Amino acid sequence: MTILDIVEKTYALWGEAVSKKVGDNYSMEDSTTIASLPYATLMFLGLPTNSSDLEGAECSVVPTVQVSVYTKGQRALTQVYEVDAVSHETLTGLGYRRIYGPEPTDATDPSIKRLLSRYSRVIGYGDTYAE
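Position in the sequence shown counted from 1, then plus 229, gives you this note's numbering.
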């Protein structure tokens with residue numbers, strides 16, 4: 230898998246899953262302007278090389294993603310955890326493990342609830358995601 234394959238496949242599978250909870254309100258950018266809630270983002274924080282051969286070819290990389298979920302209203306806190314559960318199931322199904330969170334964090338607007346998690350995994354040469 231190339232770096233582009235990793236990014237596109239992870240985002241597509243995650244987006245397909247979380248869209249059942251947030252509709253089309255998901256993105257790969259962590260924007261400060263959110264059109265409508267609930268909203269979810271999956272942002273790649275980096276894909277550094279984990280190991281390489283003597284010629285410099287990457288043998289494995291370690292993608293790290295950050296997921297933020299935003300909600301508002303009467304069941305806001307419950308709803309962020311419900312969306313997070315779907316996100317978590319999808320990412321762990323792809324071999325990622327949660328390395329941070331889920332942590333409720335402050336949003337700019339105090340009426341908005343935000344839940345933050347980070348995930349990471351090692352992807353070696355020839356690895357693929359299960360279909």
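Calculated directly from the structure, the hints in this document are not laboratory data. Just so you know, these numbers come straight off a predicted model, no measurement behind them. For every residue, glycine included, the Cβ atom is placed at its ideal position computed from N, Cα and C. One thing to keep in mind: the hints can contain errors.
[Claimed, not checked] With a cut-off of at most 30 Å between alpha-carbon atoms, the simulated DSS-like pairs for lysine-lysine come out as follows:
| # | residue 1 | residue 2 |
| --- | --- | --- |
| 1 | K249 | K238 |
| 2 | K301 | K250 |
| 3 | K238 | K250 |
| 4 | K249 | K301 |
[As the list claims (entries may be wrong)] Derived DEER-like restraints, expressed as beta-carbon distance ranges:
| # | residue 1 | residue 2 | range |
| --- | --- | --- | --- |
| 5 | T337 | A241 | 26 to 32 Å |
| 6 | T307 | D234 | 34 to 40 Å |
| 7 | G324 | Q303 | 45 to 51 Å |
For each hint, the structure was consulted:
no., hint, in the structure
1, K249 - K238, "18 Å, holds"
2, K301 - K250, "14 Å, holds"
3, K238 - K250, "20 Å, holds"
4, K249 - K301, "17 Å, holds"
5, T337 - A241: 26 to 32 Å, "29 Å, holds"
6, T307 - D234: 34 to 40 Å, "35 Å, holds"
7, G324 - Q303: 45 to 51 Å, "36 Å, violated"
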